[in-house]
Amino acid sequence: MIAQALRRITGLGAALMAVVLTLSMVEPAQALPDAKVDQQIRPNFGALVAPPTRPKSRHRGPRGPGPIGPPILMTDIDCARAWPGQISDTIARGWDGMTITLYTTNGRGCQEAVVVNRPAQIVGGWDYAPRFATPLLVAPAGRPCISLSPNIWFKLENINIDQNEGEGAPCIQGQNNTVTVVNSGIAYAGSDGAITLAGESRLTILDSQIVSRSQGPAVSMRGRLKVQRSTIGAAVVGLRATPTNDASILGLRLVRLDDWTGSRRSAASAGLVLNDIGDSQLIESRGLEVTGFSRGVYVSGAGEISFLRPTVSQADWAMLVEGPTTRIAQGDLAAQEVGVYAAAGTTFISGTKIRGVMRSGIFAERGAKVRSVDNTVFAAQQGCAALKSGYFDGALTCRPWFEAPELGGKTEVPLPTFEGLQAQLDKIADANSPRPVAGSAPPPGPPPSGTRAPAAGPLAPSSQGPAQEGRSK
Numbered sequence: 014m015i016a017q018a019l020r021r022i023t024g025l026g027a028a029l030m031a032v033v034l035t036l037s038m039v040e041p042a043q044a045l046p047d048a049k050v051d052q053q054i055r056p057n058f059g060a061l062v063a064p065p066t067r068p069k070s071r072h073r074g075p076r077g078p079g080p081i082g083p084p085i086l087m088t089d090i091d092c093a094r095a096w097p098g099q100i101s102d103t104i105a106r107g108w109d110g111m112t113i114t115l116y117t118t119n120g121r122g123c124q125e126a127v128v129v130n131r132p133a134q135i136v137g138g139w140d141y142a143p144r145f146a147t148p149l150l151v152a153p154a155g156r157p158c159i160s161l162s163p164n165i166w167f168k169l170e171n172i173n174i175d176q177n178e179g180e181g182a183p184c185i186q187g188q189n190n191t192v193t194v195v196n197s198g199i200a201y202a203g204s205d206g207a208i209t210l211a212g213e214s215r216l217t218i219l220d221s222q223i224v225s226r227s228q229g230p231a232v233s234m235r236g237r238l239k240v241q242r243s244t245i246g247a248a249v250v251g252l253r254a255t256p257t258n259d260a261s262i263l264g265l266r267l268v269r270l271d272d273w274t275g276s277r278r279s280a281a282s283a284g285l286v287l288n289d290i291g292d293s294q295l296i297e298s299r300g301l302e303v304t305g306f307s308r309g310v311y312v313s314g315a316g317e318i319s320f321l322r323p324t325v326s327q328a329d330w331a332m333l334v335e336g337p338t339t340r341i342a343q344g345d346l347a348a349q350e351v352g353v354y355a356a357a358g359t360t361f362i363s364g365t366k367i368r369g370v371m372r373s374g375i376f377a378e379r380g381a382k383v384r385s386v387d388n389t390v391f392a393a394q395q396g397c398a399a400l401k402s403g404y405f406d407g408a409l410t411c412r413p414w415f416e417a418p419e420l421g422g423k424t425e426v427p428l429p430t431f432e433g434l435q436a437q438l439d440k441i442a443d444a445n446s447p448r449p450v451a452g453s454a455p456p457p458g459p460p461p462s463g464t465r466a467p468a469a470g471p472l473a474p475s476s477q478g479p480a481q482e483g484r485s486k
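In this note's numbering, the protein residues as written are 14 to 486.
Fair warning: there could be bad hints in the mix.
[What the hints assert, rightly or not] Simulated crosslink set (BS3-like; lysine-lysine; CA at most 27 angstroms straight-line): (1) K168 - K401; (2) K239 - K168; (3) K382 - K401; (4) K239 - K440.
[Unchecked claim] Simulated restraints, written as ranges between beta carbons of each label pair: (5) F361 - D140: 24 to 30 angstroms; (6) C397 - N57: 55 to 61 angstroms; (7) S261 - A146: 28 to 34 angstroms; (8) R322 - R379: 28 to 34 angstroms; (9) A315 - D140: 44 to 50 angstroms; (10) D292 - R94: 53 to 59 angstroms.
Hints are computed from structural coordinates only; laboratory data are not their basis. Note that beta-carbon positions come from the ideal geometry of N, C-alpha and C, so glycine has one too.
Full structure from sequences and hints, please.
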């Protein structure tokens, strides 16, 4: 019996070996002629389309009405004298739509993981000048800077916050929230991100700076998005968003941090990622600047997105398009591999310079449509003859790489580090806004008007936003 079993196993093994040898000798007769070239040019969409899931933070958003106690009247807090939890306690015992004003008389920021369980705003007072070097709010290690209850609005204005040891907790976290960040800065180091909004949220970032040395995106959200005149520094991904309505991205600057250069994270980095754009949605981007990310811009979906005057430098693939109707006008794209990679949809490109590419100025996959007018490609040292266009048959003006500087080409600059970018932004802020720095003594007299609750009780905005009024709590 044992001998028969051994003979059967031996025979089965020989048969399997014969099948393997036969398959290894089969030639891919149906392969397309350009298949080998496509494999060399095609980027890996995996990290952009389906990023690796991260474990959810154990720090949940606050729930419930907060502690029972006497109502809070004073909403000015001197961080030099604040006790642990004072900001959270003030909000919990306040009213919907209240304003918490932070200032400091000795330069020390408030040390707290703030819990926001009702619509509120936190602002910097006493003419505080937001600087990364002197944050007004510093989160403890491993804790979020600000945790929002679901379905409320929150505003951060004229203030810098800091989390240098975030570990698995984001700096600002929420779900189904309306979040507005105005003239503020966020410095975050950890494995999550500076702003992480789940569910269906609305995010507005105006005149602000975010520096995030994190494994996750610096800013991650789904919902309505508006960004104007702001800077995001990130180690891996700058801004990842799934717009569910029309979106506006004006004057956004994305810079990759140099802290992890040479790692796999750098090779898989992306500046702007817009996923699953809906069929009826319109995304407008003007004056976008992306520096140092392997994939400068990635867009996918079925809607329409317009890029006017985008600038991408020090990239491998400057712009990747997978699905939507995309318009690129008056761009300046510098990349090692491909300037514009069209994987699907229809892409219109006009008046754009594409510099330094080795593989292709514009490359189209089978099924993708490209309409090209008045674009110029400056090939790498291999020359124009080495470039491929895939299934794109349009004519391109191609010039040698050494002509690019004469026609507006830019030289590469060293990427900043986490601390270096903060210092750069502080220097720019000091030059543009010579206001008193944190730590200066407040002016004599009572606190600014509007910081105390009226005797009859305040009128509180509803949870839909600061412009609407409702009943006090």
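Hint-by-hint comparison with the structure:
1. K168 - K401: violated, 49 angstroms
2. K239 - K168: holds, 14 angstroms
3. K382 - K401: Since the Cα atoms of K382 and K401 sit roughly 15 angstroms apart, the hinted pair holds (cutoff 27 angstroms).
4. K239 - K440: The hint holds at about 26 angstroms.
5. F361 - D140: 24 to 30 angstroms: Cβ of F361 to Cβ of D140: about 48 angstroms, so the range 24 to 30 angstroms is violated.
6. C397 - N57: 55 to 61 angstroms: Check failed, 26 angstroms falls outside 55 to 61 angstroms.
7. S261 - A146: 28 to 34 angstroms: Once the Cβ atoms are compared, 31 angstroms apart, the range 28 to 34 angstroms for A146 and S261 holds.
8. R322 - R379: 28 to 34 angstroms: 30 angstroms Cβ-Cβ, so the 28 to 34 angstroms window holds.
9. A315 - D140: 44 to 50 angstroms: With Cβ atoms ~48 angstroms apart, the hint holds.
10. D292 - R94: 53 to 59 angstroms: Since the Cβ atoms of D292 and R94 sit about 55 angstroms apart, the hinted range of 53 to 59 angstroms holds.
Checked against the numbered hints given earlier, the structure breaks hints 1, 5, 6 and satisfies all the rest.
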